[in-house]
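Q: Okay, here's what each chain looks like letter by letter:
Number of protein chains: 2
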Amino acid sequence: MEGKINSITLKPVGVVKRQGEAVRIEVFPEFASALKGIAGFSHLWVIYWFHDNDRPESRATLQVHPRRDPANPLTGVFACRAPERPNPLGLTACRLIKVEGTELEVEGLDARDGSPVLDIKPYIPPGDALPEAVTPEWVKRLSPAK
Amino acid sequence: MEGKINSITLKPVGVVKRQGEAVRIEVFPEFASALKGIAGFSHLWVIYWFHDNDRPESRATLQVHPRRDPANPLTGVFACRAPERPNPLGLTACRLIKVEGTELEVEGLDARDGSPVLDIKPYIPPGDALPEAVTPEWVKRLSPAK
Chain X
1 MEGKINSITL KPVGVVKRQG EAVRIEVFPE FASALKGIAG FSHLWVIYWF HDNDRPESRA
61 TLQVHPRRDP ANPLTGVFAC RAPERPNPLG LTACRLIKVE GTELEVEGLD ARDGSPVLDI
121 KPYIPPGDAL PEAVTPEWVK RLSPAK
Chain B
1 MEGKINSITL KPVGVVKRQG EAVRIEVFPE FASALKGIAG FSHLWVIYWF HDNDRPESRA
61 TLQVHPRRDP ANPLTGVFAC RAPERPNPLG LTACRLIKVE GTELEVEGLD ARDGSPVLDI
121 KPYIPPGDAL PEAVTPEWVK RLSPAK
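So the sequence lines, in the order shown, correspond to chains X and B. By the count of the working numbering, the first sequence reaches residue 146 at its end, each step adding exactly one. By the count of the working numbering, the second sequence reaches residue 146 at its end, each step adding exactly one.
Calculated from the structure, these hints are not laboratory results. Misleading hints may appear alongside valid ones.
Intra- or inter-copy, both count: the list cannot distinguish identical chains.
What the hints assert, rightly or not - In the SDA-like style, the derived pairs of lysine to any residue whose C-alpha atoms are separated by at most 25 Å in a straight line are: (1) K36 to P73; (2) K11 to P66; (3) K98 to N53; (4) K11 to R55; (5) K17 to D69; (6) K4 to A133; (7) K17 to F28; (8) K36 to S58; (9) K17 to L62.
Model the full assembly from the supplied sequences, consistent with the hints where possible.
A: In structure tokens form, the structure reads like this:
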């Protein structure tokens with residue numbers, strides 16, 4: 001076993017592009033072959049970078065009122081999906097509408113325009129689908145439900 | 001808008017510890033307050049680092065036979081969950097059994113002992129729970145279902 005790992009380096013594999021309601025993931029050409037077979041899945045996980053929150057003060061934030069709403073209880077960032085977190089990784093399940101070359105048209109991806117995409121994974125039930133998962137009351141009051 | 005982001009740096013926020021069947025996430029003490037409220041969730045997403053695959057040849061691998069089984073079709077790494085990928089990020093939904101200080105006892109986390117944990121997020125239906133998601137035939141033949 002090697003010693004403790006202190007730092008990990010990632011490189012973007014694509015970028016999020018928003019045009020009105022349409023959202024596309026532009027995968028960089030050098031990763032084109034990593035998309036082989038992706039059209040067989042209806043939904044994907046996208047891990048992206050909250051690039052607007054890649055700042056020391058945002059990465060040092062450990063508790064927030066979710067949605068910046070004081071009506072939501074002060075919550076640890078590992079207990080909510082806020083972009084302020086030590087490693088500002090975004091995670092969203094989205095529907096894959098169309099694959100055109102290295103462009104993926106998707107629905108339901110809440111990443112901002114220009115967000116670097118770090119990984120794309122297929123959504124695979126039943127391991128990923130846990131409709132029975134329990135959440136606190138404040139989550140249930142959110143709208144839309146996330 | 002700034003220029004293209006070429007490199008992103010993460011730091012581990014904890015580590016996976018396996019002892020027999022028991023699996024724990026040891027969150028580093030400096031992130032203790034980020035756990036506030038986590039016990040209200042039954043399930044978590046864990047984003048971890050496939051540290052055994054943080055090697056240039058593994059990160060350059062863009063297609064694999066899933067599970068290293070030639071019976072599975074040659075598949076792009078963005079269309080499967082293989083640890084070989086440009087950014088070796090692991091993503092697993094797991095059940096939160098117990099919180100003791102900064103230690104989370106979990107069930108269903110398939111990360112190896114010693115894997116750096118990069119982020120922890122609550123599992124929130126219905127956005128995360130898509131039991132209707134469609135997968136190709138080769139995925140349906142896998143056992144367990146992932």
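Q: Give a verdict on every hint.
A: Hints, one by one, checked against the model:
1. K36 to P73: between (44 Å within a copy, 10 Å between copies)
2. K11 to P66: For K11 and P66, the Cα distance is within 25 Å only across copies (23 Å; inside one copy 29 Å).
3. K98 to N53: Cα proximity of K98 and N53: none, with 30 Å in one copy and 30 Å across.
4. K11 to R55: Result: close both inside a copy and across copies, 17 Å intra and 14 Å inter.
5. K17 to D69: Classified as neither; 28 Å inside a copy, 36 Å across copies.
6. K4 to A133: Neither, since 33 Å and 38 Å both go past 25 Å.
7. K17 to F28: within (12 Å within a copy, 35 Å between copies)
8. K36 to S58: between (36 Å within a copy, 17 Å between copies)
9. K17 to L62: between (29 Å within a copy, 23 Å between copies)
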